[in-house]
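Number of protein chains: 2
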Amino acid sequence: MSLGQLLKMLGLGAVALTLGVEWVNWLARRLRPWRGPQGPLKEVLFFPSPITCTEHLYSPDRTSPCLCPLPHGIDTSFSRLLEHLLSACVSLELCVFSFSHLELSRAVLLLHGRGLAVRVLTDRDYMSITGSQIGALRRAGICVRHELSKVVHMHHKFALVDGRKLITGSLNWTATAVQSNKENVIVTEEPELVQPYRDEFSRLWEANDPANHNHHLPSSTATKGLVTHGNDV
Amino acid sequence: MSLGQLLKMLGLGAVALTLGVEWVNWLARRLRPWRGPQGPLKEVLFFPSPITCTEHLYSPDRTSPCLCPLPHGIDTSFSRLLEHLLSACVSLELCVFSFSHLELSRAVLLLHGRGLAVRVLTDRDYMSITGSQIGALRRAGICVRHELSKVVHMHHKFALVDGRKLITGSLNWTATAVQSNKENVIVTEEPELVQPYRDEFSRLWEANDPANHNHHLPSSTATKGLVTHGNDV
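Chains as they are written, first to last, in UniProt numbering: chain F, 1 to 233; chain D, 1 to 233.
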């Protein structure tokens, strides 16, 4: 065999080897489903969730152990939800029908206190019910808008963390939902799912800008108290 | 060059060519995001949805045009939801808090009539409210179970089509939710999302088997009528 022929064979062999390795890698990724998740984050959380101590999530740098009587060091659906929420570094967009959960409110206030851009969109009737945290968020300076229509419910329950992580499902941000109800939440960074929710938030945020409407906000006293609604929500 | 060397080179070349084609295909798939969706179905539907004629979805073989006064031939979020539901060939598992939507009820009854395995899991209180379709489904012979606990709401709103397509979101199966509320629904065949919901359905189905419990079902008269609930659901 001449030197030229040898070089040709070596060259072809190297190309085949490189492509072969790439191909085997690709095949391994295709056949990997049972070996673990692939691609962007996709996580499903079911509720009700047991009540455990979540102090370490609010202040990860804390050195002294928490002395509260709740169980410690246990991962639950709620602690996972809280972790995802508190992972925000830049922004939080929240679009939620009913918001009365104290720990979730504390998390949102904490993110606002850290200087993140927090925007909250909520339901007109439910924002003023007993126990609602919307007033507390507003008083802290968080920008809150509500569905302006008097005949429509803003029934979404989703959050966008840093514009790239979507948290969505059946779960209202209430203690009953978290601790008692059968509920589900999807947490995902899948762009094909995240983008439509980003667009929807922007659309609803603009559509419910009070500056674009003539009618006044409802007085908080007028809608305060227990809101009962039709059975059809 | 000897015949042996020629065969070796041709063999290596063929391998390199095959692997190269595979690699280019793989690269094209990786670089395709802007050219359209890839991987399993992922679709997001937002509501409210305009009311249009959906007769063609119930009877695709119909030849005469529908003469109803509603707009025809328009794709809406609701028609997409209905299409996904009616795409079922084998089974439908439905886990829904409130079910009073007549067209969705018609779709479920149609699938049952076609001989599909239909199972419905619902909320104890909401199954008996005015307008609920749960009674109609039961009378048609569809297997329905409800949350047995008296203090817990079955607040899910998801469906599994043929065990491989998940429909989930904030949307209760009611006319108000479809036509008035701001709501979202994810439709996906992503196995990492579908499987947890399959497991949850199986778990809840078994947990709410009346045969495993001593207490009686609530009488339909006792729970009939408008159910109002706390503001915290």
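Hints were generated in silico from the structure; no laboratory data involved.
The beta-carbon is built from N, C-alpha and C at its ideal position, and this holds for glycine as well.
Fair warning: there could be bad hints in the mix.
The following label-pair restraints were derived from C-beta to C-beta distances [said to hold, decoys possible]:
#	chain 1	residue 1	chain 2	residue 2	range
1	F	C89	D	G131	21 to 31 Å
2	F	C143	D	S149	31 to 41 Å
3	D	C66	F	C143	27 to 37 Å
4	D	A14	F	W205	37 to 47 Å
5	D	Q195	F	P50	18 to 28 Å
6	D	I74	F	K150	24 to 34 Å
7	F	V151	D	I74	20 to 30 Å
8	F	R106	D	G20	50 to 60 Å
9	F	V151	D	D209	32 to 42 Å
10	D	T63	F	R198	19 to 29 Å
11	F	K150	D	G131	21 to 31 Å
12	D	S91	F	R164	28 to 38 Å
13	F	G4	D	E22	45 to 55 Å
Computed far set for chain F versus chain D, every beta-carbon distance over 10 Å [stated by the list, open to error]:
#	residue
14	Q5
15	T52
16	P60
17	P65
18	L67
19	S79
20	F97
21	H156
For each hint, the structure was consulted:
1. F:C89 <-> D:G131: 21 to 31 Å: At 46 Å between Cβs, range violated.
2. F:C143 <-> D:S149: 31 to 41 Å: Once the Cβ atoms are compared, 39 Å apart, the range 31 to 41 Å for D:S149 and F:C143 holds.
3. D:C66 <-> F:C143: 27 to 37 Å: violated, 47 Å
4. D:A14 <-> F:W205: 37 to 47 Å: violated, 58 Å
5. D:Q195 <-> F:P50: 18 to 28 Å: With a Cβ separation near 23 Å, D:Q195 and F:P50 satisfy 18 to 28 Å, so the hint holds.
6. D:I74 <-> F:K150: 24 to 34 Å: holds, 28 Å
7. F:V151 <-> D:I74: 20 to 30 Å: holds, 23 Å
8. F:R106 <-> D:G20: 50 to 60 Å: holds, 57 Å
9. F:V151 <-> D:D209: 32 to 42 Å: Given a distance of about 41 Å, which is inside 32 to 42 Å, the answer is holds.
10. D:T63 <-> F:R198: 19 to 29 Å: This hint is violated: roughly 43 Å between Cβ atoms.
11. F:K150 <-> D:G131: 21 to 31 Å: holds, 22 Å
12. D:S91 <-> F:R164: 28 to 38 Å: holds, 35 Å
13. F:G4 <-> D:E22: 45 to 55 Å: violated, 29 Å
14. Q5: violated, 6 Å
15. T52: F:T52 clear of chain D: closest Cβ-Cβ about 19 Å, beyond 10 Å.
16. P60: With a cut-off of 10 Å, F:P60 remains clear of chain D, as the shortest Cβ separation is near 28 Å.
17. P65: Non-interface label stands for F:P65: nearest chain D Cβ at 32 Å, farther than 10 Å.
18. L67: Its Cβ never comes within 10 Å of chain D, the nearest being 29 Å, so this holds.
19. S79: Holds, since 17 Å exceeds 10 Å.
20. F97: violated, 8 Å
21. H156: violated, 6 Å
In terms of the numbered hints stated before, the structure departs from hints 1, 3, 4, 10, 13, 14, 20, 21, listed from lowest to highest.
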